[in-house]
Amino acid sequence: MVKLYNVLYSLFLERKANKTWDVLDTQLKPLIAAFKGDSPVWTESIVLAYEPVWAIGTGISSSPEQTKEVFDWLRKRLGKDIPNADKIRILYGGSANGKNAKEYLSINSVDGLLVGGASLKPEFADMVKACSQV
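Letter 121 of the sequence shown, counting from 1, is numbered 117 in my numbering, and no numbers are missing.
Simulated from the structure, these hints should not be mistaken for lab results. Among the clues, some could well be false.
To be verified - Estimated spans, in silico, between C-beta atoms of each pair:
#1 GLN62 with THR22: 16 to 24 Å
#2 PHE120 with LEU9: 28 to 36 Å
#3 ALA13 with LEU116: 27 to 35 Å
#4 GLU99 with ALA29: 28 to 36 Å
#5 GLY75 with LYS(-1): 19 to 27 Å
#6 LEU9 with PRO79: 28 to 36 Å
#7 VAL124 with VAL3: 20 to 28 Å
#8 GLN129 with ALA13: 30 to 38 Å
#9 PRO118 with LYS15: 36 to 44 Å
#10 ASP122 with ILE52: 14 to 22 Å
#11 GLU119 with LYS25: 35 to 43 Å
Claimed, not checked - Within a straight-line C-alpha distance of at most 30 Å, the following computed BS3-like cross-link-like pairs (lysine-lysine) qualify:
#12 LYS72 with LYS32
#13 LYS32 with LYS76
#14 LYS(-1) with LYS25
#15 LYS64 with LYS12
These numbers were taken from a predicted model, which means no experiment stands behind them. Idealized CB from N, CA, C, for every residue including glycine.
Construct all of the structure, not just a fragment, from the sequences and the given hints.
Here you go:
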């Protein structure tokens, strides 16, 4: 089965200017256009990742509240136009590490983590352990 992976992102200045939703909506439009009204079976082949650019490799992470807010918005937006949108997996990326992995994975709308640099460090074992605890 073919899988579609797509990374969505936002910048810190966009967040401060309250433009995160506009930016994400613009990024989602081609995906929604491609799958709107299509067979719901395709939704199981879509994996999205959200990465706040300001958190990538900086050690600064999106707070759980900010992350939940974005993921809940993404789920609602996708659900408006894509049949079976709840089957789309959405991952969080952006300085996820062994200390915060469990916190992100405890957010209902987060399906997993997109791990970058932390996957090369010993703390990656803590992240894997966090996955099994949620």
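Checked hints:
Taken as a hint, the range 16 to 24 Å holds for the pair GLN62 and THR22, whose Cβ atoms sit roughly 19 Å apart. For PHE120 paired with LEU9, a C-beta distance near 31 Å keeps the hint of 28 to 36 Å intact. At about 34 Å, the beta-carbon gap between ALA13 and LEU116 stays in the expected band of 27 to 35 Å. At roughly 34 Å, the beta-carbon separation of GLU99 and ALA29 lies within the given 28 to 36 Å, and the hint holds.
Range check, GLY75 to LYS(-1): about 21 Å between beta-carbon atoms, so the 19 to 27 Å window is met. As the Cβ distance of LEU9 to PRO79 is approximately 35 Å, the hint placing it in 28 to 36 Å holds. Distance hint for VAL124 and VAL3: a CB-CB separation of about 22 Å, consistent with the stated range 20 to 28 Å. Under the hint 30 to 38 Å, the C-beta atoms of GLN129 and ALA13, about 37 Å apart, fit the expected range.
Between PRO118 and LYS15 the C-beta distance comes to about 38 Å, which sits within the given range of 36 to 44 Å. Judged by the Cβ atoms, the range 14 to 22 Å given for ASP122 and ILE52 holds: they are separated by roughly 20 Å. The beta-carbon spacing between GLU119 and LYS25, approximately 37 Å, falls within the hinted interval of 35 to 43 Å. Simply put, LYS72 and LYS32 have alpha-carbon atoms about 14 Å apart, close enough for the 30 Å limit, and the pair holds.
Restraint check: the Cα-Cα separation between LYS32 and LYS76 comes to about 9 Å, which is no more than 30 Å; the hinted pair holds. Restraint check for LYS(-1) and LYS25: satisfied, since their Cα atoms lie roughly 18 Å apart, inside the 30 Å limit. Between the alpha carbons of LYS64 and LYS12 the distance comes to roughly 17 Å, so the proposed pair stays at or under 30 Å and holds.
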